[in-house]
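Undergrad: Quick note on our numbering: the sequence shown kicks off at 937 and runs consecutively.
Accuracy of the hints is not assured; some may be wrong.
SDA-like, lysine to any residue: derived pairs with alpha carbons at most 20 Å apart [stated by the list, open to error]:
(1) Lys1131 to Gly1145
(2) Lys1263 to Leu1309
(3) Lys1253 to His991
(4) Lys1369 to Ser1321
(5) Lys1099 to Glu1163
(6) Lys1131 to Asp1146
The set of hints was computed from the structure by calculation and includes no laboratory data.
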Amino acid sequence: MHTFETAQYIDAEIKEYQGHPLINALPPINSPKDTAELIRRIPVVSPEEVALPAHIRRHAMLRIMDGFLYPTKAHLQLEQTISTMIRQGYLSRNIANKSYQETLNRTEKLTDDTRNAGNEALVSSVIGCSGAGKSTAVEAVLSGYPQVITHPTYQHVQIVWLKVECPHDASVKSLCINFFRALDEALDNNGLYEKQYVKPRANTEMLLGDFARIAALHSIGLLVIDEIQHLERSSSSNVSDRILRFFVQLTNTIKLPILFVGTPKAYELLATSMRSARRASQFGSINWNRFNTTDRSGKGSDWDRFFSQLWVLQWFKSPQPLTDEVKTLFWDYSQGIAHVAVTLFYLCQTRAVTVGREVISRDLVETVFNEELHMIKPMIRALQSGRDAEIQKYDDLEIPRASIVQIAVATATANDVAENDTSEEYASPEQSKLSKLIGMLEQAGIGGDIAPTVAEQAVSEHPDANLFQLLAHINNLQDKEQAPPVKEKSTVFKLVPKYVENDLRLMVNSKGGTYKTMKSEGVVLHISDYL
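Work the whole structure out from these sequences, hints included.
TA: Spelled out as structure tokens, the structure:
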């Protein structure tokens, strides 16, 4: 169960913020030094852990993947942008006076007039290649703010920020579902909003109207739309345009700041929609670039400082000193992309302790990259070429964490099997590969009852693949969603009525009129004959 923070109002830093409960309940504005301390995450490597056996140290090494974040100038710029956007967005939404109710009233009719909105633009974007650390950076900055603040004096629940992922199918309904689910999770209300507003008969306009009204109701301070490039997959350009126009309407009507996060594919989408509203003028767009190797400050390049901090995280019994050759080697294979560099360093270290030779050499780096990160080799080669035409072919360098851990576990399992199972000496290559694969799958959490079947299917489909390629194939099969069963339409037989002679049903609505027909057929009684 979530525990919400009760508002504790601080003195306003500037006069514009005085008398604004939504602003004064926020933490104090950070200095660059405060931001660096907030964002920096350096895991601890204790001497006691270094002395542990290799199979236990591998577990501790996961902190490299989960707990390392080195702040850069881009992080500081992002924090300042978010801090300003939240506070500026609240200026015209004051729960202490009538402006809050006026904002709610405006949601009844969202305006689509972007001609005069330029000076009040509350939109920014963070654009960079996948794996560069954009989403991680945004989440790190947002962690400095409580997500939900209650104001008992005003009987108000404030949501400081809400992060929503743009749906893969780029549909309006899916976007609204993601919004209501994120809202329900933040408020811990057991899916109340999704149940209330996401109904089979709810059309696009109804969903977007509810979206805007609830956003205003809870005074959302910042709406983060992640993976905005998914809009490119929309089945119709009209759908993506409709969604982007809706976001513009939110900023125009209820002054809700929006931060778009995406890959370079989002540039054209955002530029087209935001140009008429002059959206880039106030907060601009943050280009989340790869680390570079150019030293402009005399204190070392961004890459030097980043990798020097990463290299300290060694669980080797004798830590290996950092050399310029190693820094250059890792930059060549990661091209300055933080996620790739961290992943490669983690996998190299787990491989080194697994084989019992605790040294990260050029041969080891090349082997690990070629065997375990082969899926991103074409993308890295494109970046190495420096040709824009090649680079634009590849947009996604993200490596799922689950796949990374599975690779590391599989590597360790393969080594353990090779050391301990002497029967493999007498097995055929196919049998050896199959038994190792089964062991890897069981180690990765797949039940022993189905692991042999899965392994046999993978080997039969890809007989020439190595163990790591087979694991990747199985992982892809797991990710595929099963198609919903097609319901057979039941045949409805229409009954044909059967009539008898002088059936009254035949006289109803007849051409001559019901009464006249019944009278001519002798059905109507002439009462005068009995008087």
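Undergrad: Take the hints in turn and mark each one as holding or not.
TA: Each hint, compared with the structure:
1. Straight-line distance between C-alpha atoms of Lys1131 and Gly1145 comes to about 16 Å, which keeps the hinted pair within the 20 Å bound.
2. Note on Lys1263 and Leu1309: the hinted pairing holds, with a Cα-Cα distance of about 19 Å set against a maximum of 20 Å.
3. Simply put, Lys1253 and His991 have alpha-carbon atoms about 14 Å apart, close enough for the 20 Å limit, and the pair holds.
4. Only pairs whose Cα atoms come within 20 Å are accepted, and Lys1369 paired with Ser1321 is rejected, the gap being roughly 36 Å.
5. At most 20 Å may separate the alpha-carbon atoms for a hinted pair to count; Lys1099 and Glu1163 meet this at roughly 11 Å.
6. Restraint check for Lys1131 and Asp1146: the C-alpha separation of about 13 Å stays at or below 20 Å, so the hint holds.
The structure is inconsistent with hint 4 alone, although it conforms to all the rest.
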